[in-house]
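Quick mapping for you: the protein sequence lines, in order, are chains D and V.
Residue numbering for the first sequence follows this note's numbering, beginning at 184 and increasing consecutively.
Residue numbering for the second sequence follows this note's numbering, beginning at 51 and increasing consecutively.
It is possible that some hints are incorrect.
[Claimed, not checked] Okay, derived cross-link-like pairs now, DSS-like style, lysine-lysine, Cα gap no bigger than 27 Å in a straight line:
#	chain 1	residue 1	chain 2	residue 2
1	V	Lys-110	V	Lys-195
2	D	Lys-225	V	Lys-110
3	V	Lys-125	D	Lys-225
4	V	Lys-195	D	Lys-225
5	V	Lys-100	V	Lys-195
[Said to hold, decoys possible] These stretches of chain D come out as covered by chain V in the derived footprint (C-beta under 8 Å, 3 or more residues):
#	region
6	194-202
7	228-235
8	238-244
9	276-288
10	291-304
11	325-333
It should be emphasised that the hints constitute simulated quantities derived from the structure, not laboratory data.
As the structure is a computational prediction, the values presented were derived from the model and not from experiment.
Beta carbons are placed, not taken as given, at the ideal position from N, Cα and C, and that holds for glycine.
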Amino acid sequence: MITLDDTDRMILRALARDATLSAGALGRQLGLSQPATWRRIKRLTEAGALAGRRLVLDQAALGFGVTVFLGVTLATKGRVSLEDFERAVTAIPEVQTVQHVLGLYDYRLRVVARDLPDFERVLRRRIMTLPGVGQVDANVLLSEDRRPGPL
Amino acid sequence: MLTDDTDRRILRHLQADPAQPMAALARRAGVTEATASRRLERLRQRGILKGQEAVIDWRKLGWEVEVSLRITLDKTNPHAFDEFTAAARLVPEVLEIQSFLGRVDMRLRIVARDMAHYQGIYRSRILTLPHIADIEALMHIAEIKRGEALPL
Numbered sequence: 184m185i186t187l188d189d190t191d192r193m194i195l196r197a198l199a200r201d202a203t204l205s206a207g208a209l210g211r212q213l214g215l216s217q218p219a220t221w222r223r224i225k226r227l228t229e230a231g232a233l234a235g236r237r238l239v240l241d242q243a244a245l246g247f248g249v250t251v252f253l254g255v256t257l258a259t260k261g262r263v264s265l266e267d268f269e270r271a272v273t274a275i276p277e278v279q280t281v282q283h284v285l286g287l288y289d290y291r292l293r294v295v296a297r298d299l300p301d302f303e304r305v306l307r308r309r310i311m312t313l314p315g316v317g318q319v320d321a322n323v324l325l326s327e328d329r330r331p332g333p334l
Numbered sequence: 051m052l053t054d055d056t057d058r059r060i061l062r063h064l065q066a067d068p069a070q071p072m073a074a075l076a077r078r079a080g081v082t083e084a085t086a087s088r089r090l091e092r093l094r095q096r097g098i099l100k101g102q103e104a105v106i107d108w109r110k111l112g113w114e115v116e117v118s119l120r121i122t123l124d125k126t127n128p129h130a131f132d133e134f135t136a137a138a139r140l141v142p143e144v145l146e147i148q149s150f151l152g153r154v155d156m157r158l159r160i161v162a163r164d165m166a167h168y169q170g171i172y173r174s175r176i177l178t179l180p181h182i183a184d185i186e187a188l189m190h191i192a193e194i195k196r197g198e199a200l201p202l
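Build out the structure end to end from the sequences listed, making use of the hints.
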């Protein structure tokens, strides 16, 4: 685990908003030199705290009108290995995230589709045919708010 | 259509590696560097490419516990959604707030340093949120696929 000071926290907050900021531009915002800022970013990256970048896209404008969260319970625990299910589910392009969870479900999936008929196609042809899949519970996303987190 | 095949191809390759230089992106997408720059600029101007954000690995920062809380609200109050959301935004450990059409109404993704810390947040900050009718918790064990890439 990496320990952070206030400057590290400000750097993480700024990059979480805009990852394209250069070390020079970020340093000017924080009153740090470009090399000092660069060294801190390098340390945060090497520690794995900065784990890459994500594009922020207008999904609807790109034709993806529907996002659905699925809770999946495996039917045949033990007989079908978790690895088989995980390998098959991660290969589905419409499945954006897969989390192994403990609770009411075994896996939580985030699925994107063009519209509800397209989602139904993905659900029937790709999700329900996964090895070991049992019950599937669906919740259609209406709105989403991402927060900066405890920095 | 708002975008054509070339736009989508450029975005697909950029999505796979957002930090790559323009020259590498243009080569992979099979266009000239000038075309790639112009197309990205147009996608930005039209608000389709909104930007890039750094992904923070909270576990590496010592936030070991991650939980999805699925919440059903008391819908007899017409302000339940708005008041719940406004109050949840004030809890620093909340990373995502989603609202749904389905079996549950809301989901909060929260992080905590350890189980004792989680218990404290749950009791003092979550159970005190307004209009909660029911809560289910899912403890995250592992991220199998991440990044939220679109199938462009």
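Structure-based check of each hint:
1. Lys-110(V) x Lys-195(V): holds, 18 Å
2. Lys-225(D) x Lys-110(V): Distance of about 15 Å is within 27 Å: holds.
3. Lys-125(V) x Lys-225(D): violated, 48 Å
4. Lys-195(V) x Lys-225(D): holds, 25 Å
5. Lys-100(V) x Lys-195(V): holds, 23 Å
6. 194-202: holds (count 6)
7. 228-235: holds (count 6)
8. 238-244: With 6 residues in contact (Cβ-Cβ under 8 Å with chain V), the coverage given for the region 238-244 of chain D holds.
9. 276-288: Answer holds; 13 residues pass the 8 Å Cβ test.
10. 291-304: Result for this restraint: holds, n = 3.
11. 325-333: holds (count 8)
The structure fails hint 3 only (numbered hints given earlier).
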